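Number of protein chains: 2
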Amino acid sequence: MQEESYVMIGGDGRHSYAKNSNLQRVGADHAKTLIMEAITENLDIDEDVSCPVSNIFGIADLGCSVGPNTNVSMRNIIEAVVQKYKSKGRHDSSLPVFQVFFNDHVSNDFNTLFANLPVDRQYFAAGVPGSFYHRLFPKASLKFVYSAYALHWLSKAPPEVGDLDSASCNKGKLYYQNAKKEVGQAYSAQFEKDMESFLSARAEELAPGGLIAILMSGRKEGTLPIQSSLGPQYQPLESSLLDMVNEEIISKDKMDSFNLPIYSPSAEEIKGFSDKKWVF
Amino acid sequence: MQEESYVMIGGDGRHSYAKNSNLQRVGADHAKTLIMEAITENLDIDEDVSCPVSNIFGIADLGCSVGPNTNVSMRNIIEAVVQKYKSKGRHDSSLPVFQVFFNDHVSNDFNTLFANLPVDRQYFAAGVPGSFYHRLFPKASLKFVYSAYALHWLSKAPPEVGDLDSASCNKGKLYYQNAKKEVGQAYSAQFEKDMESFLSARAEELAPGGLIAILMSGRKEGTLPIQSSLGPQYQPLESSLLDMVNEEIISKDKMDSFNLPIYSPSAEEIKGFSDKKWVF
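The listed protein sequences correspond, in order, to chains R and P. For the first sequence, the UniProt record's numbering puts the final residue at 280, and the numbers step up evenly by one. For the second sequence, the UniProt record's numbering puts the final residue at 280, and the numbers step up evenly by one.
Looking at chain R on its own, in the form it has when it is part of the complex (with noise of 0.2 Å):
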């Protein structure tokens, strides 16, 4: 089964993500303060003076979407390592060069990224068009990693939850809130699965001493998947959907095999994966 790929609204018109990503401009506002410490505290900055190109900090956001929110997480992340390194006695001649890398599908809207870029921006600008599930840079390429609101983006729905055949189908829903046991199960499998893929593309690319900093959305510890608390988002949808069918404008097999690919992990999920011993 392929990677779906679902890309947030283009554009700056009124459905336009661009328009429309005020809560996580929120959420990315109350994660500041943490990242700025993470960054003074455990960014290495002790580097290769002996390789020309050592003084460029790259700084990849993946799943950016089209703006404004990236510009503004950016701002904060360059100010932070700036002070960082002037903490350490570098001067204004001797700071790194930013290169800043925005990563989301190809399908999605770079041009609207491109022509919101801040004009007086302290950083050389790239789009990385492809999925984070992959590859998408060079080898100990980057020093700071950073994703918001993007990782609870699957790569697909569980191929199962949508296999009519399959015990797990996960029929008249199109989420896994209140679902089967097992929906819920093979939904946090997929992620597991995606997150090592994410993880193991991550740790090829991210330099000796770089960070990653995830900005996503969880559920409640010491709960099950299918009870997530992200499902009422969806109710209205499912409803929807559900009346279409019962007119008959969609069949049901086309309902029972469609799953949104997105899920909401628990505090005790994300802790299996930073237990385990990456080679960063």
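No wet-lab data here; the hints were simulated from the structure. Keep in mind the model is a prediction, meaning the values are calculated, not measured. Just so you know, not all the hints are guaranteed correct.
Note that identical chains are pooled: a pair holds if it fits in a single copy or bridges any two copies.
As the list claims (entries may be wrong) - Calculated cross-link-like contacts (lysine-lysine; reagent style DSSO-like; alpha-carbon spacing at most 30 Å): (1) Lys271 with Lys181; (2) Lys88 with Lys139; (3) Lys88 with Lys181; (4) Lys84 with Lys139; (5) Lys271 with Lys180; (6) Lys86 with Lys139.
Using the hints, position chain P against chain R.
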């Protein structure tokens, strides 16, 4: 006066650049052998093995437009570089990793460009928005710079030829062929200024031992700018605009102040640049 940005028509419709760039393709094919030879003879692949990211071979296509020509050119360049490395005894496992930066104006259709990147590409891809008359990349981060059929686009038409009060105003024409001598000289001076900006920026961005390959249309040696042979292409447009002036659809002043920001240099002009001492 602001820089002007004339981008090729995006998308892949009937009038798109993607469907109307065969001539440029033929030119790039002719240049292939020259570029292969230049890489074989002049590319310096002695690198600093102590540097962890020295294995990244950065290539930029400046003024890449939306494809598909750039895909063919990038494949040819990478093939030639790989051959060069192999001829020096490097094996598959120690070949450089390629990262290709596709550059064009912010208003270029990067969405179409990204959608048409070859699926089986042997490089990491990135899009870089911005004018190549400015810095686009960190210092020493590129090993090969390529630009095809892009540098005849000046950063702007020389201001004086569109200034109604200037003795150099190019009245009743939108191009410098068969114009007053001063108009040709103004264009030549603008081209020189732009090339200086272009080469200064690249001198910073190119890594030691790297190469630049520029493909552009030129005019016959020993001719004046006003004897340019590119002119006839624009004659129909000029005539149509003059008809519109006569029919009072557009104003005479508008016609007099508008000039195409393109230039076709002679071999002597280009040699003038290569004789200068650029610190690459």
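Quick rundown of the hints versus the structure:
1. Lys271 with Lys181: This pair counts as within: shortest intra-copy Cα distance 22 Å, inter-copy 74 Å.
2. Lys88 with Lys139: So Lys88 and Lys139 pass the 30 Å test inside a copy (27 Å) and across (23 Å) alike.
3. Lys88 with Lys181: The answer is neither: 52 Å in one copy and 59 Å across copies each exceed 30 Å.
4. Lys84 with Lys139: For Lys84 and Lys139, both the intra-copy (24 Å) and inter-copy (22 Å) Cα distances are at most 30 Å.
5. Lys271 with Lys180: within (25 Å within a copy, 75 Å between copies)
6. Lys86 with Lys139: Cα proximity of Lys86 and Lys139: in one copy and across copies (27 Å, 21 Å).
This entry does not satisfy hint 3, going by the numbered hints stated previously; all others are met.
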